[in-house]
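Asker: Listed below, chain by chain, are the residues.
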Amino acid sequence: MTPGFDINSTSRPAYVDSMQVQQIGAVGTATDTMSPIELFVRLNEDGGLHSITANITPAGLDRFSLRPSFEHLSWLTETAERISACRNYQDGWDGDEAVAPTSEALGAAEALAVLLTVVSSHVRPQFSVDALGRPTFSRNVRNLYLHLTIDSENAITWFADHKGTEYFQDSVQFDGRVVPEELALLFSLAQGSSEVA
Amino acid sequence: MTCEACRAACTHENTKERAVRVHRAEQELCGCENYSVSSFSPGRVKDEELLHMLISDPQHLLDGKLNPSSLIQVDRGGLSTLRDSADDKEFESTCSSLQRRATDKGHVWFLHAICTIPVSELRYLEDKRFVCVYDTGLPDKPHHADIMGPDLKSVATRPMSNGEVERACRARIKILIEKCGAKLVAPRVFRDGAFSGYARA
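Protein chains in written order, with our numbering: chain D, 55 to 251; chain V, 55 to 255.
Rather than coming from a laboratory, the hints here were simulated on the basis of the structure.
Given the structure is predicted, the values throughout are model-derived calculations rather than measurements.
Be aware that a few hints might be false.
What the simulated footprint calls covered on chain V by chain D, stretch by stretch (three residues with Cβ under 8 Å from a Cβ of chain D suffice, anywhere in the stretch; the number is not a length) [claimed, not checked]:
(1) 104–116
(2) 143–153
(3) 157–167
(4) 226–239
Heads up, incomplete: computed chain D residues facing chain V, CB under 7 Å, no partners named [stated by the list, open to error]:
(5) E151
(6) T190
(7) S192
(8) N194
For each residue, glycine too, the CB sits at the ideal point set by N, CA and C.
So here's chain D without its partners, still in its complex pose (with noise of 0.2 Å):
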């Protein structure tokens, strides 16, 4: 008997031939050395949002159709203190068999969630820890299906759903930086249809 669904299947991304090159929106800290946690905090102390948008790198962003508001900071927040508490994971976090996370893992996942801020709230990932110990960002809602793992500090690996069409990147390098290339054109499929919807 064979499995309920085709594993030998592959299917090229739609958006990997419509691709074009252009840069993506990406968080560039005041200082080479700023911690997402640390650019935070100033956020915070600079009055909110206003920071961000000042610290991210227009080009590209188009593509996100960046609404300043509250809500991304409401968000980032309620991210960085769930994000935080898992420092304190042990194995077993469960009451079962689940690995905890590593300090690494969880500062990736921190710079991916500020980078996040500037997803819609309509599609943007919410964060998990997996019982791999793996920090998750996931999201299930009408035309976007989302998991995406960090599978170390510099790392990544996502499986989506845009309308039918699958989306698999494995093992992405992922610097804390730059929102991958091929994630970010996902997000900007996803809002556009989001908005349409």
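Starting from the known structure of chain D, fit chain V onto it as the hints suggest.
Answerer: Leaving out everything else, chain V in the frame of chain D:
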């Protein structure tokens, strides 16, 4: 009827490899379902049964459905469930044990929701095999059952890279979420609220 290879695989100490080992213990897809794999269980899990998955972390719910992060064990140690034939005492001791162990690790544990799924829906997808359900009863939890996915690398008709396997595993989790759908029950409703004491106030 028992199969020692299946039983050994189901209790293998390396929990990350358990699903793969169970798959390899029998040639037939989900072949270990043909046996009772635990001496503590009342017997094999039938298609007509219901399984209950305890959701303890609000972050394991997403947009009104299960979060993929709550299901990754389907390819590793197995997704723990309790069969509907488990009495309230067994649910009570399971919640109590999970809460105590999490608390020992400094983590606050609450029963957030219960996902109830018919076994027949889990096992098949369009009349073909999807995931396997084994009667992995334990001394204090005889109605414990594990949901495990067949090892995708070994059932593929062509060699697959690790990335392709990972992609297929994640695609399977997405389908699993769709199958579970919105079958989530609040603790105050499940079994007349018998375990609502474990829910966050």
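Asker: Hint by hint, note whether the structure agrees.
Answerer: Hints, verified against the model:
{"no.": "1", "hint": "104–116", "verdict": "holds (count 5)"}
{"no.": "2", "hint": "143–153", "verdict": "holds (count 3)"}
{"no.": "3", "hint": "157–167", "verdict": "holds (count 5)"}
{"no.": "4", "hint": "226–239", "verdict": "holds (count 5)"}
{"no.": "5", "hint": "E151", "verdict": "holds (5 Å)"}
{"no.": "6", "hint": "T190", "verdict": "holds (4 Å)"}
{"no.": "7", "hint": "S192", "verdict": "holds (5 Å)"}
{"no.": "8", "hint": "N194", "verdict": "holds (5 Å)"}
In summary, this structure violates none of the numbered hints.
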